[in-house]
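Mapping the sequence shown onto my numbering, position 41 (from 1) lands on 38, and the numbers just tick up by one.
Just so you know, these hints were derived from the structure itself, not from any lab. Don't take each hint at face value.
[As the list claims (entries may be wrong)] Below, a list of computed lysine to aspartate or glutamate pairs in the DMTMM-like style, where the Cα atoms sit at most 20 Å apart:
| # | residue 1 | residue 2 |
| --- | --- | --- |
| 1 | 40 | 79 |
| 2 | 48 | 60 |
| 3 | 44 | 117 |
| 4 | 81 | 117 |
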Amino acid sequence: MSAMNIARNDNIITFSGDMTKDFNQMRREMSGRFNMWVGDVAKAVPKLGDKLTTDQLMTLHKEGTHAEFYDNNNILGYFCIDPKDYSNYMFLIGDGENRDNNYSRLRNGVLQFSFEAYCDIYILR
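Produce the entire structure from the sequences given, and follow the hints as far as they go.
Okay, here's the thing in structure tokens:
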């Protein structure tokens, strides 16, 4: 189980703690339709652009092992959205756990959300 701490100091909110690498735990931690970063996810989807194709997901998994991949493609993270109910999970490049081990948590998690949880995957720019 992951432990996340949230602290607020004036208008700055700080999140800290360890993120899970367990996909089943990630699924349990999915946000509902109303996400703290984007509000109503159903209304945000049209603004996100096209969902990633299988080829793009495979490119991420194969080539997304270094910071240059994300920098060169202006990628801040990935947004995994269940099209049935808009529950969602984000993988942000700025999270240390997502950069560890050649971005393994991010690359594998995105694939799992796509192929096992049948989520649509969008790039956050």
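Hint-by-hint comparison with the structure:
Note on residue 40 and residue 79: the hinted pairing holds, with a Cα-Cα distance of about 14 Å set against a maximum of 20 Å. Between residue 48 and residue 60, the direct Cα distance comes to roughly 18 Å. Compliance with the 20 Å bound is thereby established for this hinted pair. Taken as a hint, the residue 44 and residue 117 pair is honoured in the structure, with Cα atoms around 14 Å apart against an allowance of 20 Å. For the hint pairing residue 81 with residue 117, the CA-to-CA distance comes to about 10 Å; that is within 20 Å, so the pair holds.
Hint compliance for this structure: every hint is met.
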